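Q: Next come the chains, spelled out residue by residue.
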Amino acid sequence: MKTFSIGGIHPKENKFSAGKKIIEMTLPQQVVIPLAHYIGAPSEAIVKKGDLVKAGQLIGKANGFISANVHSSVSGKVNKIDVQLDASGYKRPSVFIDVEGDEWMENIDRSSTIIRECLLPKEEILKKIQNAGIVGLGGATFPAHVKLSPPSGKKANVLIINAVECEPYLTCDHQLMLEKGEEIIVGITIIMKVLDVKRAVIGIENNKPDAIAHLSKIASQYKGIEVVALKVQYPQGGEKQLIDAVIGRQVPSAALPIEVGAVVQNVGTTFAIYEAVQKNKPLFERVMTVTGKSAAQPSNYRVRIGTLLSEVVTLAGGVPEGTGKIIGGGPMMGRSLMNLNVPMAKGSAGILFMPNEESVRKPMKNCIRCTKCVTVCPMGLEPFLLMNQSERNMWPEMEKERVMDCIECGSCSYTCPSNRPLLDYIRYGKTTVGGIIRSRAVKK
Amino acid sequence: MNLILISLITLGLVGAISSIILFFTAQKFHVFEDTRINDVEEALPSANCGGCGFPGCRAFAEACVKAETMDGLNCPVGGAPTMENVANILGRTVVAAAPTVAVVRCGGTCDHRPRMNEYDGVQHCFIAHNLYSGETGCSFGCLGLGDCEVSCEFDAIKVNPVTKLPEVDEDKCTSCGACVKACPKLLIELRKKGPKSRRIYVSCRNEDRGPIAKKSCDVSCIACTKCEKVCPHEAITISNNLAFIQDDKCKLCRKCVEVCPTNAIVELNFPPRKTKTEEVAVEA
Amino acid sequence: MDKLIISPAPHIHGGDSVSKNMTGVIIALVPALLVGFYFFGLGALIVTLTAVVSCVLFEYLIQRFLLKGETTIMDGSAALTGLLLALNLPSNIPVWMIIAGSLVAIGIAKMTFGGLGNNPFNPALVGRVFMLISFPVEMTSWPRPVPFSTAYLDAETAATPLAMMKGHFGELPDTLNLFLGNMGGSMGEVSAIAILIGLAYLLYKKIISWHIPVSILATVFIFTAILNWIHPEAYASPVAHLFTGGLMLGAVFMATDYVTSPMNTRGMLVYGVGIGIITVLIRVFGAYPEGVSFAILIMNAFTPLINTYIKPKRFGEKRK
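Just so you know, the sequences run in chain order A, B and C.
Okay, so the first sequence: first residue is 1 according to the numbering used here, each after it adds one.
Okay, so the second sequence: first residue is 1 according to the numbering used here, each after it adds one.
Okay, so the third sequence: first residue is 1 according to the numbering used here, each after it adds one.
For reference, chain A alone in the conformation it holds in the complex:
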């Protein structure tokens, strides 16, 4: 079975919410839409207090090339433009909207009929994707229209769809594939047209046989799209690992996937692109999983952007007893949340409740040089060495040891028998070395 060539771990999958139909969440009373919840320059608010808005209306204009539009996810009145805490505890400018009814912009097609044909030329499609504020929904939230416009001189020859969902617990992509399979395939044809590629490969981990069968059946009716089953291994869904597993090419250090002719898009993003191009619907809602060992009803919900996580949790049955940590995202790369007054944003894929016993770290011991961290690192780095160097502030040496290649997957910390906080120090090293590299580039 295909998989990536170096490293990897296999944490327990715990997909408690698998197979649970997506529940449409009831509208909250107020949404708080952050103006900057993706990679890139924050958008500029174009509405002010007292304005009436409809769902799908543009409220934040993209600011620069790597930036994205922000749309209202509800209809109602703008209460204020103020700061709101984000997941890391810092305050970000956001638009507060009091919800009234559920009116959408007139040009949005709310029907569920599948529109298979797309006759627009690729420039128009790209414009629609850009206007709709589509960003990567796999967690990185990189603006899609930028990724789909390769720099001049570089051409893609394969589109890879990331339907792996290798993080334990999360099932939003899985359920989306089962319920909106054909829409996703049409979305793929649209992206193939934009990139001008003849081949698309959908990578799905082998623990989702129903999704593999379902999408294979639909894809067989379309030209150039194939489904590949991948070994259940973390981080199969990491961009570079996925490209290696599916087409056997390894993206070189510090390069982008386009260097090997590949473009990777998350399956949720693909669905959003279908809705944007065929239904004129901008990105203002997404599927997220609420789950955990002690969760009352682990399930998948379709939530409007800007809904406070506290509302989502209340609908999902409240915070379970004995919860020590609440994680936004998956357990390997998600953020532990300070409280639930954080708005749901384009990158929020899940809420995970961790019981007390699993929330506290065990004390760290000496490195016993067992080499397990080296064995599991998918990028072929030496985490124990990077941690030692980070502790001693040896930045030039860390740069030589390719610390910037680290994808922060967490496999090293997961494996270490001495419970050493490898990734914490490596992340600090990456931040510092990244700063040094940037200041070097500025000086030139």
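Quick caveat, the hints were computed from the structure, so don't treat them as lab data.
Quick caveat, the model's predicted, so the values are computed rather than measured.
Each hint should be verified, as a subset may be incorrect.
[Stated by the list, open to error] Derived CB-CB ranges, DEER-like: (1) G318/A <-> R209/B: 30 to 38 Å; (2) Q123/B <-> I436/A: 19 to 27 Å; (3) N240/B <-> P320/A: 35 to 43 Å; (4) S111/A <-> D111/B: 54 to 62 Å; (5) T3/A <-> A158/C: 23 to 31 Å; (6) K400/A <-> G72/B: 32 to 40 Å; (7) L61/C <-> N240/B: 58 to 66 Å; (8) L8/B <-> L61/C: 49 to 57 Å.
[Claimed, not checked] Below, in silico cross-link-like pairs of lysine-lysine (DSS-like), each with a Cα-Cα straight-line distance of 25 Å or less: (9) K231/A <-> K2/A; (10) K48/A <-> K80/A; (11) K365/A <-> K206/C; (12) K166/C <-> K365/A; (13) K68/C <-> K12/A; (14) K3/C <-> K185/B; (15) K205/C <-> K362/A; (16) K205/C <-> K313/C; (17) K223/A <-> K193/A; (18) K181/B <-> K443/A; (19) K311/C <-> K91/A; (20) K229/B <-> K192/B; (21) K2/A <-> K313/C; (22) K91/A <-> K164/B; (23) K12/A <-> K20/C; (24) K196/B <-> K255/B; (25) K91/A <-> K214/B; (26) K430/A <-> K181/B; (27) K91/A <-> K185/B; (28) K158/B <-> K192/B; (29) K54/A <-> K77/A; (30) K68/C <-> K362/A; (31) K2/A <-> K205/C; (32) K54/A <-> K122/A; (33) K362/A <-> K3/C.
We put the CB at the ideal spot given by N, CA and C, even for glycine.
We have chain A; now place chains B and C onto it with these hints.
A: Showing chains B and C alone in chain A's frame:
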């Protein structure tokens, strides 16, 4: 007997020949160095802390000798007496720089600034700062994990376990600047020590708007501008919702301290004020 | 609700621990231990108990009273060192010598460097080599295998196969006996099959990887095969070399010690080849009949160099 004599003579000859060779080699390969560098280095405190901006006392001595004047050269550990000595050795004059001391600009103790979550990561400020804003509602305040304490080579700054804020021992502080660099929140500043070690400063770095700042910490600066208006020496500026007292203009009159509604402005080493009743009695 | 806990990702852990790994190695040693008890009886029992107890005791005493800190005897590494030391000794060695060896192994080779994870040399091997050099007579008189023997200090000794190969005398036991362990030698080294069962367990539990044992054994096999082919009368067959002496014990349990072996598979192969070559050189051309302990200690010294210059395969290194 013969053997002892032979050994003595042989070893003695080896010693003598080696010394002669070494003597001539030392003469021939002698590195000419300004002797004043050694003299200056001896006058320095040998702390090798880097507070002067040079890598070690020897490097500072070399810089002093090479420089034309004493401008910009200061050893904070030795202070004015040391710089005067150095100036004497080099035959120059030096203007004594005002002594400075480290000041921690955060008053958010556990009582004033409640902790809202429990941090369980690596207990270092730089790692916590890399992750999130901290255990309290104020994203600018002290994280309390002690990177400053670890960085100090003079044992002059320690985190108080009850208040979770660092405290500076001004007798030990040499103003070398290590803690200033160590703090990821940029809370520590080197300010003038002041006459009789008295100084006044705004113990807050919060740039949130007043109501938001007050919610997370009782003693935060809410930028009400009362201090700016009352200061007779124009020493206080307010920008980004935060007041700042410039220590070269401050004359220590304490009017701002009296008027600050949140007690964000701190006065150190002043005698206790006369209370209102005492003042009335005096007037009468 | 109580305060939420905040820490950086990852928020789950695989559950591996130091004690799990040490326990795994101890379990893998059980077959060799049982064979040792079978062939060498009471002596084997006494030597094993003394070594294990004294190693654990010394680590406890040093950590609690000399270093005045926490003790780590519960992680199993001191017990493992004691067990490995015992398996390297003849079963008729007096108790006080074992205690001296344990003191050197734990006190000097491990604790002076900072405890587990910091030692550059394999502690059990340092203890063994110390004992070999300090007590050469007792450390080179090996009891004959007598099933369930009740003799200890007065066990009957005989020449080991390695001594026979070195001095060109005597008749080696047949291959089956070499494989099963019916020969003179230290308790742990005699039975190749017991060690191979242990190797299988270690590989199954992913405690070690195959690179070091295979590279050592393959190198010894190839090197001795070449020598044997050139001059069969002077040099013993490769099979005899593989199954005699401490080679299998060393290749599977001593050279694979986490702390003192290289940190990636390419480095491990270089390390294993080095050990193999030095072992054969000492056995065939050197003064001692057994060369594995010295070979491993010499390559331990090279491990930091190997770690610096041999790096793991990086992602994106080769372009397809």
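Q: State for each hint whether it applies.
A: Now for the hints, and whether the structure bears them out:
{"no.": "1", "hint": "G318/A <-> R209/B: 30 to 38 Å", "verdict": "holds (33 Å)"}
{"no.": "2", "hint": "Q123/B <-> I436/A: 19 to 27 Å", "verdict": "holds (25 Å)"}
{"no.": "3", "hint": "N240/B <-> P320/A: 35 to 43 Å", "verdict": "holds (41 Å)"}
{"no.": "4", "hint": "S111/A <-> D111/B: 54 to 62 Å", "verdict": "holds (59 Å)"}
{"no.": "5", "hint": "T3/A <-> A158/C: 23 to 31 Å", "verdict": "violated (54 Å)"}
{"no.": "6", "hint": "K400/A <-> G72/B: 32 to 40 Å", "verdict": "holds (35 Å)"}
{"no.": "7", "hint": "L61/C <-> N240/B: 58 to 66 Å", "verdict": "holds (60 Å)"}
{"no.": "8", "hint": "L8/B <-> L61/C: 49 to 57 Å", "verdict": "holds (51 Å)"}
{"no.": "9", "hint": "K231/A <-> K2/A", "verdict": "holds (6 Å)"}
{"no.": "10", "hint": "K48/A <-> K80/A", "verdict": "holds (7 Å)"}
{"no.": "11", "hint": "K365/A <-> K206/C", "verdict": "holds (21 Å)"}
{"no.": "12", "hint": "K166/C <-> K365/A", "verdict": "violated (45 Å)"}
{"no.": "13", "hint": "K68/C <-> K12/A", "verdict": "violated (40 Å)"}
{"no.": "14", "hint": "K3/C <-> K185/B", "verdict": "holds (23 Å)"}
{"no.": "15", "hint": "K205/C <-> K362/A", "verdict": "holds (23 Å)"}
{"no.": "16", "hint": "K205/C <-> K313/C", "verdict": "holds (24 Å)"}
{"no.": "17", "hint": "K223/A <-> K193/A", "verdict": "holds (12 Å)"}
{"no.": "18", "hint": "K181/B <-> K443/A", "verdict": "holds (22 Å)"}
{"no.": "19", "hint": "K311/C <-> K91/A", "verdict": "violated (43 Å)"}
{"no.": "20", "hint": "K229/B <-> K192/B", "verdict": "holds (23 Å)"}
{"no.": "21", "hint": "K2/A <-> K313/C", "verdict": "holds (19 Å)"}
{"no.": "22", "hint": "K91/A <-> K164/B", "verdict": "holds (24 Å)"}
{"no.": "23", "hint": "K12/A <-> K20/C", "verdict": "holds (19 Å)"}
{"no.": "24", "hint": "K196/B <-> K255/B", "verdict": "holds (19 Å)"}
{"no.": "25", "hint": "K91/A <-> K214/B", "verdict": "holds (15 Å)"}
{"no.": "26", "hint": "K430/A <-> K181/B", "verdict": "holds (19 Å)"}
{"no.": "27", "hint": "K91/A <-> K185/B", "verdict": "holds (16 Å)"}
{"no.": "28", "hint": "K158/B <-> K192/B", "verdict": "holds (20 Å)"}
{"no.": "29", "hint": "K54/A <-> K77/A", "verdict": "holds (9 Å)"}
{"no.": "30", "hint": "K68/C <-> K362/A", "verdict": "holds (23 Å)"}
{"no.": "31", "hint": "K2/A <-> K205/C", "verdict": "holds (24 Å)"}
{"no.": "32", "hint": "K54/A <-> K122/A", "verdict": "violated (28 Å)"}
{"no.": "33", "hint": "K362/A <-> K3/C", "verdict": "holds (19 Å)"}
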